[in-house]
Amino acid sequence: MSAQAPPSSLVETVLAFADDELVLGWRDSEWTGVAPFLEEDVAFSSIAQGEIGHARALYDLAAGVLGGDADALAFDREPGEYRCAPFVELPLVHDWAATVARHWLYETADSIRVADLMQSDWAELAGLAAKMDREEAYHRMHAGMWAEKLGGDARFEAAVERLWPYALGVLEPGQRARLAEAVGRPEVEAVERGTHDEGYAALHEEMTMVRRSIPGAAW
Amino acid sequence: MVTAEKVWEALAEVPDPEIPVISLVDLGVVREVEVDGERVRVEFTPTFLGCPAQEVMRTQLAEAVRALGAEPEIDVVLDDSWSTDRITPEGRRKLEESGFAPPEPRAASAPTLVQLDTRAFRCPYCGSTDTKLENIFGPTPCRSIRYCQSCRQPFEQFKTI
Chain A
1 MSAQAPPSSL VETVLAFADD ELVLGWRDSE WTGVAPFLEE DVAFSSIAQG
51 EIGHARALYD LAAGVLGGDA DALAFDREPG EYRCAPFVEL PLVHDWAATV
101 ARHWLYETAD SIRVADLMQS DWAELAGLAA KMDREEAYHR MHAGMWAEKL
151 GGDARFEAAV ERLWPYALGV LEPGQRARLA EAVGRPEVEA VERGTHDEGY
201 AALHEEMTMV RRSIPGAAW
Chain B
1 MVTAEKVWEA LAEVPDPEIP VISLVDLGVV REVEVDGERV RVEFTPTFLG
51 CPAQEVMRTQ LAEAVRALGA EPEIDVVLDD SWSTDRITPE GRRKLEESGF
101 APPEPRAASA PTLVQLDTRA FRCPYCGSTD TKLENIFGPT PCRSIRYCQS
151 CRQPFEQFKT I
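Which chain is which? The protein sequence lines are A and B, in order. In terms of this note's numbering, the first sequence has 93 at position 93, counting the first letter as 1, and numbering is strictly consecutive. In terms of this note's numbering, the second sequence has 104 at position 104, counting the first letter as 1, and numbering is strictly consecutive.
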């Protein structure tokens with residue numbers, strides 16, 4: 001624990017970040033077994049594991065302030081309490097071009113967010129962000145490699161165009177110009193946090209099912 | 001009477017759950033041991049945040065302390081203080097002997113794909129540097145898959161972090 005409690009707005013930011021990583025990790029894991037080829041099956045499964053590991057560490061940090069534990073924050077809240085960006089909720093399995101587009105846009109946005117959190121006055125958050133940044137470097141490599149491979153492909157470009165307003169919604173307004181510059185697109189109106197995609201209810205239902213099946217069970 | 005030295009010796013016998021040839025002390029994830037009478041505080045940093053073996057590691061560390069007749073307190077530190085540079089020379093040797101190429105030294109900034117593609121990573125089986133990257137990701141978050149063009153053997157490369 002820090003000597004001084006971090007501001008509640010920062011705890012909210014951490015929680016929203018954790019929700020992003022958990023839900024995206026969940027969506028990524030949906031490729032396990034059905035990716036276009038084996039190497040990508042392994043890659044997306046490992047990336048999913050990485051994102052969910054980051055979610056756990058962020059929930060742990062938030063739980064230190066809010067009480068409870070990482071599992072309670074991840075699985076016991078009502079669907080409406082999750083603050084993830086609608087971007088990470090979109091079900092994209094079976095659309096590889098859109099999945100790569102989201103992966104690339106998300107990792108680019110995430111690198112901006114993590115770089116800012118590394119400068120945080122909340123020492124534990126800054127330390128955690130630095131660790132995440134080293135790990136995310138491998139996700140960024142993978143995303144960049146695919147974006148380069150599919151760059152110019154009509155399906156990929158259309159997916160980037162469609163997902164762009166969603167990607168902006170991952171970041172705070174003050175961070176968005178850097179994302180626009182990094183991906184070479186003009187800033188447009190973002191799809192903001194606080195609303196959920198219509199597929200979200202089903203995702204929440206499935207994601208929390210095991211936990212709800214036997215309340216309080218130790219696994 | 002439990003001493004810090006005895007605790008370190010005991011922890012040096014705790015194998016990594018995923019790569020049992022190497023101990024948690026060899027892996028460098030045990031950061032600090034503090035003895036206060038019958039209480040032993042162990043500071044531990046996971047390798048990767050998504051490492052599924054974290055809980056097992058914590059339990060095993062606590063059990064090793066308990067076996068000495070002391071009460072363990074395992075503190076998990078989630079910051080950037082663990083890097084693959086903390087794997088001991090002994091640990092690197094053990095990794096190599098069991099078919100894992102040890103990590104490269106950490107640089108100021110994280111590695112890039114170009115570096116992973118072009119650098120001369122050595123095959124742990126035949127020693128050739130004629131190897132190529134097959135997959136950035138492998139069976140656990142800490143490993144990549146490479147292929148040796150010389151002895152035609154795939155092998156696992158410990159990621160630098």
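Among the clues, some could well be false.
Here are the simulated lysine to any residue pairs, SDA-like style, with alpha carbons at most 25 angstroms apart [claimed, not checked]:
| hint | chain 1 | residue 1 | chain 2 | residue 2 |
| --- | --- | --- | --- | --- |
| 1 | B | Lys132 | A | Ala35 |
| 2 | B | Lys132 | A | Ala180 |
| 3 | A | Lys149 | B | Arg58 |
| 4 | B | Lys6 | B | Pro52 |
| 5 | A | Lys149 | B | Leu113 |
| 6 | B | Lys132 | A | Glu40 |
| 7 | A | Lys149 | B | Val21 |
| 8 | A | Lys149 | B | Thr118 |
| 9 | A | Lys149 | B | Arg119 |
| 10 | B | Lys94 | A | Leu150 |
| 11 | B | Lys94 | B | Glu18 |
| 12 | B | Lys94 | B | Val21 |
| 13 | A | Lys149 | B | Glu134 |
| 14 | B | Lys132 | A | Met145 |
| 15 | B | Lys6 | A | Arg140 |
| 16 | A | Lys149 | A | Ala130 |
| 17 | B | Lys132 | A | Arg162 |
| 18 | B | Lys132 | B | Glu156 |
Read the hints as simulated data drawn from the structure, not as lab findings.
| request: Could you tell me which of the numbered hints above are not met by this structure, giving the numbers in increasing order? | output: 2, 3, 4, 7, 10, 15, 16 and 17
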